[in-house]
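Participant: Listed here are the chains, written in short residue letters.
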Amino acid sequence: MKNLGISILAILLLTPSLLWAKEVIDLTSKVEIEVVTTNEQGEQVTVRQPASKVLPGETLIYTNTYHNVGDDLAQNIVVNNAVPAHTSYIAGSAFGDGCEILLSADGGKSYASEGELTVVGDDGTSRPALPEEITHLRWIVREYQKPGDGGDVGFRVRLQ
Amino acid sequence: MKRHPLILTSLFVVALLLAAAPAFAAVGETTAGTPINNNATVDYKVNGIDQTQVPSDGGVDTTFVVDQKVKPVVANAVSGAETLTPGETGSENQWLKFTVTNDGNKDASFKLSYEVTGSTLSTALSGVVIIADTDTSGSYTAAGDGSSDLNGQVVTIARDTTLTYFIVAPDTDAGLLDSEVATYHLIATADDGTGTALDDSTPNTLAGEEVVFTDSSAGTATGDGTYDGKDSDSGTFTVSTATLTVTKSVAITDDGTADTPEELFAIPGAVMEYTINIDNGGGTDATSVILIDAIPGNTTYESFTTCSGTKAWHNGTGWVAVEPATLSDVTQVRCTIATLTAGTNQDVQFRVTID
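Listed in order, the protein sequences are those of chains A and B. With the first sequence counted from 1, adding 1 to any position gets you the working numbering. With the second sequence counted from 1, adding 407 to any position gets you the working numbering.
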């Protein structure tokens, strides 16, 4: 068994392309809604549930979880997510610990941090982008991620 | 080479200023059944070397399906034809007007029906039907809207669309009395299109398009609560008719004596004045009101003192428009009033001499 492992490692070292083809980072995505319910103590609590019952106007929470499942240090991790069709980004809702969060209002061609993102209006002048104009989000993870490390990044939208 | 995120940011801002923003198109509520897909990607490096971009969940979209919002809204509108007249048959002038709006996010079917509450009608209405405003005139006419009764029928209304329906009462009993009322509720109940009421108790799933009742206001009909896929509103029919009350009194105006102080006695030769008061206590003007009174026995007609309308005298053979020269020929007097306005009264007076 040990010999087999060494053999595989040897092959991988000899063929770098195979090594790089192995995914070090795993990314999973989920969508949830927040529901206010009453707990056993009679207190109103907000819980997250799968987005099974969703009507126009409701708020959805998208969470992307990145995770270093490989054996190498992952550097310069950048997560990208387009705002889904039929939904509108909710201002200030993007989250991600240890990340620089950038937004795009032009289909992902250019990004800026929220509050600094501008668009050129019909009159040719630049103005701050509206939340519903956001098309893409980007999270730049500041720290390198060791094997086993990971984190959550996400945002909220309102279903149109 | 290690790029710093801040440098990236600056570059992006510069690029952004050069980029033209796409116009944002306002859209309505997302249609039920629409799948909402999401997929994220991650880019990274190992040992400074770019790695193949990884899609979330192996490239499988995170998906859910927008559910169906079911929200009928029924509202009563002033029709101007809420008045019932006794004794009508096939009338086109007695109807309530309602609007029914599909405020959901999909075309939907609703079963229409009505309920009667608070009726004080001495005889219930018969032949009441629900008619669509087919010609969209806003008023019911048999020619424009047809006679198809939608009571118990299922209608389909496009999303965000309002249609008008009438509750029509073509026939009324002749015995209905003034101010009698009956309240009619138009009820729209979410239906699957085949006559079966929709059910929102189906367990929700991510991939399924489930029915969700969102009618947050209770209706007026019995048992029409909130979030039941049903709505209703009411209008009231009111009977309006002229209700005439006639009262008659008599007074001595002159007994032919000159006693002091004057005391009037009903003695032969005394003049008696009859006063007939006609009171229209109803809600509708009375027209062509004809009052006829006979000269009592043992008296002789003396004069026709008060009649706001047209006077006539019966001379024993027929009605004449001029007072007969021989007063003793008069057997009856007649006063014809063209219009006795609702809520008013008039006196008719004539005098006789005791034989």
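Calculated directly from the structure, the hints in this document are not laboratory data. Any given hint could be a false lead.
[As the list claims (entries may be wrong)] What follows is a set of in silico ranges between Cβ atoms, one per label pair, in the way DEER data are often shown:
#1 B:542 to A:129: 49 to 55 Å
#2 B:608 to A:58: 20 to 26 Å
#3 B:485 to A:129: 31 to 37 Å
#4 A:35 to B:630: 20 to 26 Å
#5 B:444 to A:98: 22 to 28 Å
#6 A:114 to B:630: 16 to 22 Å
#7 B:500 to A:46: 25 to 31 Å
Yeah, the Cβ is synthetic: ideal placement off N, Cα and C, and Gly gets one too.
Participant: If a hint holds in the structure, say so; if it doesn't, say that too.
Facilitator: Verification of the hints:
The supplied range of 49 to 55 Å is met by residue 542 (chain B) and residue 129 (chain A), whose beta-carbon atoms lie about 51 Å from each other. At roughly 22 Å, the beta carbons of residue 608 (chain B) and residue 58 (chain A) sit within the given window of 20 to 26 Å. A hinted range of 31 to 37 Å for the beta carbons of residue 485 (chain B) and residue 129 (chain A) is inconsistent with their spacing of about 47 Å. Taking 20 to 26 Å as the suggested C-beta distance range, the pair residue 35 (chain A) and residue 630 (chain B) does not conform, at roughly 32 Å.
In this structure the supplied range 22 to 28 Å holds for residue 444 (chain B) paired with residue 98 (chain A), their Cβ-Cβ distance being about 26 Å. Remark: the range hint 16 to 22 Å for residue 114 (chain A) to residue 630 (chain B) is contradicted by a beta-carbon distance near 55 Å. Look at residue 500 (chain B) against residue 46 (chain A): about 59 Å separates their beta carbons, and that is not inside 25 to 31 Å.
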